[in-house]
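Please work from the sequences and hints to get the whole structure.
For the sequence shown, this note's numbering gives the first residue as 1, with consecutive numbering after it.
Rather than coming from a laboratory, the hints here were simulated on the basis of the structure.
Among these hints, one or two may not hold up.
Said to hold, decoys possible - Estimated spans, in silico, between C-beta atoms of each pair: (1) Ala-249 - Cys-70: 19 to 29 Å; (2) Ala-11 - Arg-219: 51 to 61 Å; (3) Ser-230 - Tyr-81: 20 to 30 Å; (4) Lys-200 - Asp-69: 28 to 38 Å; (5) Leu-180 - Phe-53: 54 to 64 Å; (6) Leu-36 - Lys-234: 14 to 24 Å; (7) Trp-47 - Leu-96: 45 to 55 Å; (8) Tyr-253 - Ser-120: 17 to 27 Å; (9) Pro-122 - Cys-70: 28 to 38 Å; (10) Val-93 - Arg-219: 20 to 30 Å; (11) Gly-135 - Cys-246: 23 to 33 Å; (12) Tyr-81 - Leu-192: 34 to 44 Å; (13) Tyr-253 - Phe-33: 11 to 21 Å; (14) Val-116 - Ser-9: 39 to 49 Å.
What the hints assert, rightly or not - SDA-like, lysine to any residue: derived pairs with alpha carbons at most 20 Å apart: (15) Lys-162 - Ile-91; (16) Lys-234 - Gly-57; (17) Lys-162 - Pro-193; (18) Lys-265 - Arg-18; (19) Lys-234 - Arg-58; (20) Lys-200 - Ser-156; (21) Lys-168 - Arg-179; (22) Lys-200 - Ile-263; (23) Lys-200 - Lys-68; (24) Lys-200 - His-21; (25) Lys-162 - Arg-184; (26) Lys-170 - Thr-159; (27) Lys-168 - Leu-192; (28) Lys-162 - Ile-188; (29) Lys-170 - Val-186; (30) Lys-162 - Ser-190; (31) Lys-170 - Leu-183; (32) Lys-168 - Gly-152; (33) Lys-200 - Pro-189; (34) Lys-200 - Ile-188; (35) Lys-200 - Gly-152; (36) Lys-234 - Cys-70; (37) Lys-162 - Glu-112; (38) Lys-234 - Ala-43; (39) Lys-265 - Pro-193; (40) Lys-168 - Lys-200.
Quick reminder that beta carbons are idealized off the backbone N, C-alpha and C, glycines included.
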Amino acid sequence: MDKNPISSSQAEYVRNHRRHHHLVAFLRFLFFFLFLMLWEISADLNWIDAFIFSSPGRVLGTILDMSKDCSIFRHTGITLYETLLSFLLVILVSFLTATILWFSGTVSEILEPWLVILNSLPKSALAPLLIVWLGANTRTIIVAGMSVAVFGSIISMYTAFKDTDEEKIKLIHTLGGSRLQVLRCVVIPSSLPSIISILKVNIGLCLVGVIIGEFLAAREGLGYLIIYASQIFKLNYLITALIILCIIAFGLYQIIQSLEHHIRKTRSL
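Put into structure tokens, the structure is as follows:
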């Protein structure tokens, strides 16, 4: 026997919620399909210069050609690996630093202005300096990916920690709880929506940082492919790399969004 029967109104809400998400997903793919159709038709009818703007057919042909020697998979895999590693390191460093800042008001007062200054620096200008310091290797690319996102992530996460309801914190202290228990039982759960939003932003920023690093310090990866294609004027390769980057960004965003839905569902039970 079901211990938690769902009322008819709740069941109707769940159906409407699912129907809404299915509609949104359908419209996303419909608009994307219409865009591809318009792009292909424009190239076929010479509304646009197919040599400069390419077309879905040419992009598909390029993907098939590069699939024969697996170069497309190698470039994509390298960029994806560097992006995910940068993203995980950003989240780890941001969480640990934000926790330290939350624990110590003095440390936060000292470091917060420096974090704002570092976050305002143009990261593309830092990439050549990273090459001088670290060399032209994968480590430099990963650090470049981190540099784009980490400082803003620390500031945003620390702000989310500070905005926790003070009454809940006082309640834990009244019951004899330690500051660590406040962090674990109140601050982190209350900050989860903000943390998920930070994850959504950071995954895109890390991808941008990795591409910047690959522009300058790589011999493989989608960033390298973009630079190489622009130098030899193979714009089909360039646009193919850009489309794959869009697909990667969309896929990573969907994974984080699925995590967000799972957390919301778990918290509502």
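Each hint, compared with the structure:
1. Ala-249 and Cys-70 have their C-beta atoms about 23 Å apart, which keeps the hinted 19 to 29 Å range intact.
2. Against the hinted window of 51 to 61 Å, the Cβ-Cβ separation of Ala-11 and Arg-219 comes to about 57 Å, which satisfies the hint.
3. Here the CB-CB span from Ser-230 to Tyr-81 is close to 23 Å, well matched to the stated 20 to 30 Å.
4. Evaluation of the 28 to 38 Å hint for Lys-200 and Asp-69 yields a pass: the beta carbon distance comes to about 35 Å.
5. With their beta carbons about 57 Å apart, Leu-180 and Phe-53 fall inside the hinted range of 54 to 64 Å.
6. For the hinted restraint 14 to 24 Å between Leu-36 and Lys-234, the CB-CB distance of approximately 21 Å keeps it satisfied.
7. Judged by the Cβ atoms, the range 45 to 55 Å given for Trp-47 and Leu-96 holds: they are separated by roughly 53 Å.
8. A hinted range of 17 to 27 Å holds for the C-beta pair Tyr-253 and Ser-120, which are about 26 Å apart.
9. Restraint check, Pro-122 to Cys-70: a C-beta distance of roughly 36 Å satisfies the suggested window 28 to 38 Å.
10. Look at Val-93 against Arg-219: about 27 Å separates their beta carbons, and that is inside 20 to 30 Å.
11. A hinted range of 23 to 33 Å for the beta carbons of Gly-135 and Cys-246 is consistent with their spacing of about 30 Å.
12. For the hinted restraint 34 to 44 Å between Tyr-81 and Leu-192, the CB-CB distance of approximately 27 Å leaves it violated.
13. Checked against the hint of 11 to 21 Å, the pair Tyr-253 and Phe-33 passes, with Cβ atoms roughly 19 Å apart.
14. Range check, Val-116 to Ser-9: about 48 Å between beta-carbon atoms, so the 39 to 49 Å window is met.
15. Taking the CA atoms of Lys-162 and Ile-91, the gap is near 18 Å; set against the 20 Å cutoff, the hint holds.
16. Straight-line distance between C-alpha atoms of Lys-234 and Gly-57 comes to about 15 Å, which keeps the hinted pair within the 20 Å bound.
17. Straight-line distance between C-alpha atoms of Lys-162 and Pro-193 comes to about 14 Å, which keeps the hinted pair within the 20 Å bound.
18. About 13 Å separates the Cα atoms of Lys-265 and Arg-18, which keeps this hinted pair within 20 Å; it holds.
19. Restraint check for Lys-234 and Arg-58: the C-alpha separation of about 11 Å stays at or below 20 Å, so the hint holds.
20. A distance of roughly 12 Å separates the Cα atoms of Lys-200 and Ser-156; the hinted pair therefore holds under the 20 Å criterion.
21. For the proposed pair Lys-168 and Arg-179, the alpha carbon gap of about 12 Å is at most 20 Å, so the pair holds.
22. Note on Lys-200 and Ile-263: the hinted pairing holds, with a Cα-Cα distance of about 14 Å set against a maximum of 20 Å.
23. Restraint check for Lys-200 and Lys-68: the C-alpha separation of about 34 Å exceeds 20 Å, so the hint is violated.
24. Distance check on the hinted pair: Lys-200 and His-21 sit about 19 Å apart at the alpha-carbon level, within 20 Å; holds.
25. Between the alpha carbons of Lys-162 and Arg-184 the distance comes to roughly 14 Å, so the proposed pair stays at or under 20 Å and holds.
26. About 19 Å separates the Cα atoms of Lys-170 and Thr-159, which keeps this hinted pair within 20 Å; it holds.
27. For the hint linking Lys-168 to Leu-192, the alpha-carbon distance of about 16 Å falls within 20 Å, and the restraint holds.
28. Proposed proximity of Lys-162 and Ile-188 is supported: the alpha carbons are some 11 Å apart, at most 20 Å.
29. Proposed proximity of Lys-170 and Val-186 is supported: the alpha carbons are some 10 Å apart, at most 20 Å.
30. With a C-alpha separation of about 10 Å, the suggested pair Lys-162 and Ser-190 falls inside the 20 Å cut-off, and the hint holds.
31. Restraint check: the Cα-Cα separation between Lys-170 and Leu-183 comes to about 12 Å, which is no more than 20 Å; the hinted pair holds.
32. Note on Lys-168 and Gly-152: the hinted pairing is violated, with a Cα-Cα distance of about 27 Å set against a maximum of 20 Å.
33. Under the criterion of a C-alpha separation no larger than 20 Å, the hint pairing Lys-200 with Pro-189 is consistent with the structure, at around 18 Å.
34. Of the supplied pair hints, the one linking Lys-200 and Ile-188 holds, its CA atoms being roughly 17 Å apart against a limit of 20 Å.
35. For the hint linking Lys-200 to Gly-152, the alpha-carbon distance of about 13 Å falls within 20 Å, and the restraint holds.
36. Restraint check for Lys-234 and Cys-70: the C-alpha separation of about 18 Å stays at or below 20 Å, so the hint holds.
37. Taking the CA atoms of Lys-162 and Glu-112, the gap is near 13 Å; set against the 20 Å cutoff, the hint holds.
38. Straight-line distance between C-alpha atoms of Lys-234 and Ala-43 comes to about 17 Å, which keeps the hinted pair within the 20 Å bound.
39. Between the alpha carbons of Lys-265 and Pro-193 the distance comes to roughly 13 Å, so the proposed pair stays at or under 20 Å and holds.
40. Straight-line distance between C-alpha atoms of Lys-168 and Lys-200 comes to about 27 Å, which puts the hinted pair past the 20 Å bound.
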